[in-house]
Amino acid sequence: RKEVEQDPGPFNVPEGATVAFNCTYSNSASQSFFWYRQDCRKEPKLLMSVYSSGNEDGRFTAQLNRASQYISLLIRDSKLSDSATYLCVVRDFYGGATNKLIFGTGTLLAVQP
Amino acid sequence: GAVVSQHPSRVICKSGTSVKIECRSLDFQATTMFWYRQFPKQSLMLMATSNEGSKATYEQGVEKDKFLINHASLTLSTLTVTSAHPEDSSFYICSASAAIARHNEQFFGPGTRLTVL
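Chains as they are written, first to last, in the working numbering: chain A, 1 to 113; chain B, 1 to 117.
Because the hints were derived from the structure by calculation, they are not lab data. Misleading hints may appear alongside valid ones.
PhoX-like cross-link-like pairs, simulated, lysine-lysine; straight-line CA separation at most 20 Å [claimed, not checked]: (1) B/K55 - B/K14; (2) B/K14 - A/K100; (3) A/K2 - B/K41; (4) A/K100 - B/K64; (5) B/K55 - A/K42; (6) A/K45 - B/K41.
DEER-style ranges, computed between Cβ atoms [unchecked claim]: (7) A/K2 - B/K66: 23 to 29 Å; (8) B/P86 - A/A67: 31 to 37 Å; (9) A/R76 - B/P40: 29 to 35 Å; (10) A/A17 - B/S18: 44 to 50 Å; (11) B/H85 - A/E5: 29 to 35 Å.
Bear in mind the structure is a predicted one, so any value in this text is a computation, not a measurement. In this text, a Cβ means the ideal position worked out from N, Cα and C, and glycines have one as well.
Isolated chain B (complex conformation) (with noise of 0.2 Å):
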């Protein structure tokens, strides 16, 4: 049980353009998803936080207006980087949380690998 995917796995993209990620919790009901990023080298920073039919959280830093979460039900969330930038390439990675897993413990989608060029 618990599984997370992620859709797509890999996308690359010519700069300006923009690209929607999801994320679907596939056997539970997620309440809350994370969704992060990694660059290279680096740990995973958290971007936003979204709860099923309301507005994401934005951790400080991170641009509402060009990282766009959806969180429609309580199996999907998406991410749509808009007029995305070479420095937006990048490792992205939801998480997804139900309110019932032991220790409100997140369980992780695959991630999916963006390169703008």
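One chain only, chain A, in its complex shape (with noise of 0.2 Å):
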């Protein structure tokens, strides 16, 4: 089983849609969660952090669900801009070493005109 679990799409979605990725993780005493945002042939950027409140940034949705180790992203009103792959990323917890990042595949989103 992978470390971390997301679909991998497509998803192709028109402008202005609400969509939302999910996202789960093997390890029940990761540390920190966040959502990368990933262009064809870059390096990630850090999109946000995940809280077990829940929290928001603009059109960006993010939750987790540490009993079901479960996190999802949700993005309101989607614009061409937001094209990209989602990264789905959990910090670990390995005897002291609280840094190492693990990735998921990513999902990719095509936003359609």
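Using the hints, put the two chains back together into the complex; each one sits in its own frame.
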């Protein structure tokens, strides 16, 4: 079983649509959770951290369910510029090494005009 | 702030040659640098973690004699792919972290695309 699992997509949605991505992680001791965005042939960039209480940043809302080991990202009013691969990322805890990031394979979003 | 550069951005080489990739933190001192590899349609996979002045810690399955990492200063880490072969063709990305960074955030370089012929 992969440590971080995501639906690879692609998700093809029209502009203005609302789209949701899900992610599950296997290590219950995981410390921190993030969504990154990666454009084609570029490095990943931090989109937002995910907090237990849920958090929102403009059109983006992230949720975390520790009991189910499940993370989600909701994008409202999709823009063409949102087209990218969205990476679910977990920071694991390995005997004191708290800065190891585990990346999911990503979910590809294509927003259509 | 928190800019990380990589050089070169792209390299094409013949099988058997060695390739060195540099990763620099431009405006902060990176206590830790990470090297990742990403094959097409796959996730970023951590190869190794390096702390300035000490030996790198390699992930399981990554050959330390093939992927040489040097972290000689707080702003520079290098990855040398020795005797590169076509299966080493990949997107290599470094990241840097500073102890003072919020949540130990990692800042990623723009990546180096290696093609071995």
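Taking the hints in turn, this is what the structure says about them:
no. : hint                      : verdict
1   : B/K55 - B/K14             : violated, 29 Å
2   : B/K14 - A/K100            : violated, 33 Å
3   : A/K2 - B/K41              : holds, 15 Å
4   : A/K100 - B/K64            : holds, 18 Å
5   : B/K55 - A/K42             : violated, 28 Å
6   : A/K45 - B/K41             : holds, 17 Å
7   : A/K2 - B/K66: 23 to 29 Å  : holds, 25 Å
8   : B/P86 - A/A67: 31 to 37 Å : violated, 45 Å
9   : A/R76 - B/P40: 29 to 35 Å : holds, 31 Å
10  : A/A17 - B/S18: 44 to 50 Å : holds, 48 Å
11  : B/H85 - A/E5: 29 to 35 Å  : holds, 30 Å
Of the numbered hints given earlier, the model fails hints 1, 2, 5 and 8; all others are met.
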